[in-house]
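Asks: Using the sequences and the accompanying hints, generate a full structural model.
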Amino acid sequence: MPAAPWQPSALTAEPLVQLVDHAGQRRVDDVSAPYEPLARALDADALRTFYRDMTLTRRFDEESTSLQRQGELALFTQSKGQEAAQIGSAHAMRPQDWAFPAYREHGVLLVRGVPLRQELHLFRGIDHGGWDTEQHRVHLNTLVIGSHALHATGYAMGMSRDGLVGTGDPTKDEATVVYFGDGATSQGDVSEAFNFAAVNQAPIVFFCQNNQWAISVPGELQYRGPLSRRGEGFGVPGVRVDGNDALAVYAVTKTALDKARAGGGPTLIEAVTFRRGAHTTSDDPTRYRSETEEKYWAERDPIDRIVALLKAEGAWSDSFAARVQAEGDEFADELRTYVRSLGRPDPMTMFDNVYTTPHAINEAEREWMRQYDASFKKGGSR
Amino acid sequence: MNQPSQMVLAKALGQAMRAALAADEKVVLMGEDIGPLGGVFRVTDGLQAEFGTDRVVDTPLAESGIVGTAIGLALRGYRPVVEIQFDGFVFPAFDQITTQLAKLHSRSRGRLRVPVVIRIPFGGGIGAVEHHSESPEALFAHTAGLRVVSPANPADAYVMLQEAISSDDPVIFLEPKGQYWTKGDVDLAAGPYGSAAVAGPAVTQRFDTLNKARIAREGDDVTLIAYGPSVATALKAAAAAETEGTSIEVVDLRAISPFDMATVNSSVAKTGRAIVVHEAPVFFGAGGELAARITEECFYELEAPVLRVGGFHAPYPPAKIEHEYLPGLDRVLDAVDRSLSF
Ligand SMILES: Cc1ncc(C[n+]2csc(CCOP(=O)(O)OP(=O)(O)O)c2C)c(N)n1
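The listed protein sequences derive, respectively, from chains A and B. Here the UniProt record's numbering is used: the first residue of the first sequence is 1, the next is one more, and so on. Here the UniProt record's numbering is used: the first residue of the second sequence is 1, the next is one more, and so on.
These are computed hints drawn from the structure, not numbers from a lab. Take these hints with a grain of salt, some might be off.
[Unchecked claim] Quick partial rundown of chain A residues pointing at chain B, CB under 8 Å, derived from the structure:
1. A23
2. R27
3. F123
4. H128
5. G183
6. I215
7. S341
The beta-carbon is built from N, C-alpha and C at its ideal position, and this holds for glycine as well.
Replies: Structure (structure tokens):
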């Protein structure tokens, strides 16, 4: 008897919204039907934009990974394999919405206009974040797992208090999307966020990228109940979507955001995807993951899928592909040059912005450091 | 007599857990990624393969959950040794540690014991991103009921971790991650579980590392008091000072709570000068407590005020400037000069 083909451990019995299969064919069933019109409404240009953004995100991954290998970055967190989940969901947001990322949401940042090169400051060790959060409506990366689910919920509660939910004016109504992984759902903070969001009917979308692994720990050691239903007991309905299908992700997220902005409360989206790279550049997935599993997901790569779709629908041309390729080359070039040109921050900056108003100890230590430094410059003792 | 083996500090810690797992079936390891991966620093490498998934448990990603369930297991007679992946991630468990773990023994009027060890890679200097280089020892030392310790070399790491596991008190075991790859001699027969690690007679030697400091280097002019990662810095400073004719004694505290005042006092009585070195911010840090006690207990022997060298009252900075934040050789020697100039 031949061995059964390898199956992902994510609970396969749960309904899954999928609008494009991994061969690039559109499909629709009872579960996905309500979302189908939203995906149909995307024209060829919109689909090409998805492809472009996914490709640039992948390019960012590749470039940043090699910069890390060359010692230019201390660490990097790849998003390879998760591009559809990120690009699809980010395109479902309106300009006035807010995103609260974890640390591998490069595709979301790209769509929101955060200069990705600035994200690399954190990984190069020259700052802890620092982009203009208001301008892009993207909160800073959060490295402590799950803690930002509560911040995003509170932020969304503020949107309601400010009267920017359910006004009926599509240019005014706001909502928040918070991104986290399957591992994060184990944290108390995430459950607490579900509860606060439900109690307050906050305009928030909990976007869980179930990439199957929390570093080396697989889903079956993190949770037993289906993640898409994790919010139900709290009053947060859930949807499970094929996270490698950008169209399905887009449609599902847009539906949840429209509901949230209209005052319909929170939704949890579980995007079933796969982290094709290592957890970070310090990780060694060969210790815990099989080639069979990696191959299964390589065959379901989100970028291949959208290429297949574009081709199937006659929206693909070699000149378009070449344009995106050229744009990627230029982007990668700039990124490399930029990262290599980054100097060290002035050490005195560590005393800046610790408090908003003067603090005696902070000021005294700054002054001590200044004099200590000056003593070397005067050709002092050592 | 056993031949000492050369190994890095991370390996010594793994061997200590291996010995404890072999000797006492109640010892259980719990943490994120400690199984097939062997922990992000590979400290638990190979232990799950050897002892099974019941003894070496990959947990869900939830620090409060890890410590909270470890408390329950300890109440049930187990000896959980939990790994927190990085110093900056212990805080979701801070409530469990400070309000529950630290207090159950006293609340139960001594009836309950919660022998939980919480291993935390701590300290900076490895070029990591935010939350990966913290020094939270003062927060734990300020909590009565917890013992807080940090080894400075592989031999101590091996014995101290075993002593922490065999202790009936909860122990916050701070592993100087910048020293994980430092090599040294380790006597595998040493420590309360050491005899399980090697064939042969049990070692009767008592180390008492949770209570006893160690003179890491003898000297006459100034006492440097340090623990964990700062011991290496203090020893380097002592070697450098020697070339200028200054003789420095280095006390490696090993345990921060409680610290061994007797050893500190006798060293300060000899040299008349004391400088405390740690990576954590000086402001409200362990050095303040040591300085105050030294002043009280060695007032008449002191030739200079007790000085402190440490981090600033600022968030741990980005990696590219962490060496300006950390107390390095130069800042320690500067303090030595200041002390000598009084
Ligand atoms: C509170 C906390 N504990 C531990 C860590 C270390 N850590 C960083 S990422 C990670 C795994 C996260 O897995 P998941 O939530 O599934 O997200 P993914 O990285 O797969 O996107 C762990 C354990 C952390 N950053 N924060």
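Asks: Does each hint hold? Answer for all of them.
Replies: Hint-by-hint comparison with the structure:
Nearest Cβ of chain B to the Cβ of A23(A): about 34 Å, over the 8 Å cut. The hint is violated. Restraint check, R27(A) versus chain B: the minimum CB separation of about 34 Å is more than 8 Å; hint violated. Taken as an interface hint, F123(A) checks out: its beta carbon lies about 7 Å from the nearest beta carbon of chain B, inside 8 Å. With its C-beta approaching chain B no nearer than about 5 Å, H128(A) sits inside the 8 Å limit, and its interface hint holds.
Of the supplied interface hints, the one on G183(A) holds, with its beta-carbon coming within about 4 Å of a beta-carbon of chain B, less than 8 Å. Hint status for I215(A): holds, given a least beta-carbon distance of 5 Å to chain B, under 8 Å. With 8 Å as the threshold, the beta carbon of S341(A) stays out of range of chain B, its nearest partner Cβ sitting at about 14 Å, so the hint is violated.
Hints 1, 2, 7, counting from the list given before, are not met by this structure.
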